[in-house]
Amino acid sequence: MKSLPKKNEYNPDYDLFKLKLGLSSTPSNQKKGSTDNLDMIENTFIIKEKEGLLENIFNFLPVPLIITRKKNAEIILISAGVETILQINKSEIIGKKINDIIVDNQEYKQFLLQLNIHGKVQNSEIAIRNFHGNNILCLVSIETIMANEESLLIHSFNNISEIKILENAIQNSEDNLRTVFENTDVGYILFNQFQNIVSYNKPASIFAIKEFNKEIHIGTNFSTYFPEIMREYLSNIITPVLNGETTSFERYILHKGEHHWYYVKFSPVFNKDQVVAGFIMSMENITDRKKNEIELNNSLSLVTEQNKRLLNFSYIVSHNLRSHASNMSSILNFLEKEKSENEKAGLLIHLKKVSNLLNETLYNLNEVVSIQKNLQTTLEKLNLSNYIDQAIAILDKEIKSKNVTVHNNVPSDIFINYNPAYMESILLNFLSNSIQYSSPERLPIINFTILTKNNTINLLISDNGKGIDMNKYHDKIFGMYKTFHGNKDARGIGLFITKNQIDAMGGRIEVTSEVNVGTTFKITFI
Amino acid sequence: MDRGELNHFNKKKQMKETEKICIIDDDEIYIFLIKKSLSAMGINNEVISFINGSDALEALIQLKTNNEELPGIILLDINMPIMDGWEFLTEFRKVNIDTYKKIPIYIVSSSIANEDFEKSKTFPEILDYLSKPVELETLVSILNF
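For the record, the sequence lines run as chains H and W. The first sequence begins at -14 in this note's numbering and counts up one residue at a time. The second sequence begins at 9 in this note's numbering and counts up one residue at a time.
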């Protein structure tokens, strides 16, 4: 610390201060030789000494401070922090105007206006230019001080360039995330541990309005968006999520008769202590994908079913043709060796039988092949009731001979788009089956009725006949050459052909039966 | 064609001339031909034939009940109406005819499906699986006179 100079002793620092602060080296009211004057000079010197101390502090102060004259903006004092920011020596800046280092002086003028009104400017952003011409973004605070009746401005700068770069980076990152968040097709809702909504994106909002006719509001509870009936179910889902488990599922929402499929996922959100602080619910509309999947599965089922039929068909072809061929071969072997004409004649009769059976088999197989071939056959709008009446008329002789009562309860306004030949064949087959296997223990009754369900027409053909033992034959009823009643004339081909025709038209056939009670066939027309 | 792979109980015994040959097959021409083949080979054993498993089972139970001699061999088809070969085997096992007499059973079928052949392995009663047409030599061999 410097020692107090003696009175009238030359002190360069003292003079420098007087100069800097605009003080005359000799105060105007000073009178030489006057004790008062001496005291005043001494006091002044003490002040100046303190100011010298202040300047020394400024020389080391890392905080960037600039003191200017208010009247002309001249820089009269800077702290070491300013040298660091501006990369300039003190001597190069003292005496210059503050405007020389301010990038946007209009902005600075605004600050000065603000200063005049409010007395100070606090933490306002401003850019200053360093020695190399680079702009440095700072927060500036400006205050007015009075020194020797002159207004001085103290500018304190806080370099926020790096902070700003980081802030911009974070902002950009957030903007990017937000862009992704808002532009994804997946709806996201963030919930806190109390299951209240913290944040959500646009697709989530659309989802809530579209499916539940509700707008999402931050702070509302998860459960309020779902019907009461679903709350227990949802609670069972959320509980494990709040225990840290992720869960996901596919679910449809029935909306105006349409299935809207969603892939819903609940993921826990952990805080830094790895404690569950909430969860994210994501919902992705997968209706199109699901429709494709369902169509694909249907196609797969169809292909599997067709493949099964094809395999069954090839099995039948192989079995039946082999059977006839082997019989023919054996008969011919005997014929070659046989000398007795009588025996030969007997063998020829058997050969003819085999030949007829082979013909019949080939005819049946051809019929099945033609059904498969005629899939693209022309459809016609057929009056179902009329076709039933026709079948009844064709089998009139059989109906009368067995004293069968047939009720056609199908309304006359039911029309089916169907292949006419198949329709005739199907109805004749079922009707003749019911007549053929009527029970001798009761008067046979056959009913044709319609059951409409979900816009699908089902035709029920029920009888009170012998019935079929479903435990034994449920998987064989529609098989080729399968017979169930011990009837010698049964060829086991009718139901096989009928099922193939119904399948070929995209329909379904089901059967329920009970021995000694009767049988009901249900044809579903698609 | 003799698959020749099934020999579960490989205990072929000499068939007596008095023993019946049981054919269960819905193909009447095949039954006629087997009978003719046997006759051509000078085998005069009585042939009893049934067009489905149910009739055969009923007859076998009757024979057992009447203490009549059970057949010395069964030639069994698979695909038959009313009761097919597999159902016959299942029911046959239930009536315990085997405890009175072990009857060798041969599958004789037009089926060459591997599925049928594999299934036949699950019945220890089946001695072999023969595909139609059965050669005379094979027939002699299985009758084992």
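FYI, nobody ran anything at the bench for these hints, they're computed from the structure. We put the CB at the ideal spot given by N, CA and C, even for glycine. Heads up, some of the hints might be wrong.
Residues of chain H clear of chain W, computed beta-carbon distances all greater than 10 Å [unchecked claim]: (1) 69; (2) 88; (3) 150; (4) 235; (5) 248; (6) 315; (7) 322.
Straight-line distance between alpha carbons at most 30 Å, and here's what the computed DSS-like set of lysine-lysine pairs gives [as the list claims (entries may be wrong)]: (8) W:102 x H:461; (9) W:109 x H:457; (10) H:338 x W:43; (11) W:28 x H:322; (12) W:24 x H:322; (13) H:322 x W:43; (14) H:324 x W:28; (15) H:457 x H:366; (16) H:324 x W:43; (17) H:457 x W:129; (18) H:457 x W:102; (19) H:329 x W:43; (20) H:329 x W:28; (21) W:44 x H:338; (22) H:293 x W:127; (23) H:461 x W:129; (24) W:24 x H:457; (25) W:43 x H:337; (26) H:457 x W:127; (27) W:72 x H:293; (28) H:338 x W:102; (29) H:461 x W:44; (30) H:337 x W:44; (31) W:72 x H:457; (32) H:322 x W:44.
Residue 88 (chain H) and chain W, when compared Cβ to Cβ, separated by more than 10 Å: holds, 90 Å
Q) CA of residue 338 (chain H) to CA of residue 43 (chain W), is that 30 Å or under? A) At roughly 17 Å apart (the allowed maximum being 30 Å), residue 43 (chain W) and residue 338 (chain H) satisfy the hint.
Is the Cα-Cα distance between residue 72 (chain W) and residue 457 (chain H) 30 Å or less?
Cα-Cα ~26 Å, so holds.
Q. Straight-line Cα separation of residue 324 (chain H) and residue 43 (chain W) no greater than 30 Å?
A. holds, 18 Å
Is the hinted pair residue 322 (chain H) and residue 43 (chain W) satisfied, with a Cα-Cα distance of at most 30 Å?
Given that 30 Å is the threshold and the Cα spacing comes to 16 Å, the pair holds.
- [ ] Beyond 10 Å from every chain W Cβ: check whether that's true for residue 235 (chain H).
- [x] holds, 37 Å
Straight-line Cα separation of residue 457 (chain H) and residue 366 (chain H) no greater than 30 Å?
Violated, at about 38 Å.
For the pair supplied as a hint, residue 24 (chain W) and residue 322 (chain H), is the alpha-carbon distance within the 30 Å limit?
Satisfied, since the Cα-Cα distance of roughly 28 Å is no more than 30 Å.
*asked:* residue 461 (chain H) and residue 44 (chain W) were given as a pair; does the straight-line alpha-carbon distance stay at or below 30 Å?
replied: Given that 30 Å is the threshold and the Cα spacing comes to 33 Å, the pair is violated.
**Asked** Does the claim that residue 322 (chain H) lies outside the interface with chain W hold up, using a Cβ gap greater than 10 Å?
**Response** violated, 8 Å
Between the alpha carbons of residue 461 (chain H) and residue 129 (chain W), is the straight-line distance 30 Å or under? Since the Cα atoms of residue 461 (chain H) and residue 129 (chain W) sit roughly 23 Å apart, the hinted pair holds (cutoff 30 Å).
| query | When you check the alpha-carbon spacing of residue 329 (chain H) and residue 28 (chain W), does it fall within 30 Å? | reply | holds, 27 Å
Comparing the model with each numbered hint stated earlier shows that hints 6, 7, 15, 24, 27, 28, 29 do not hold.
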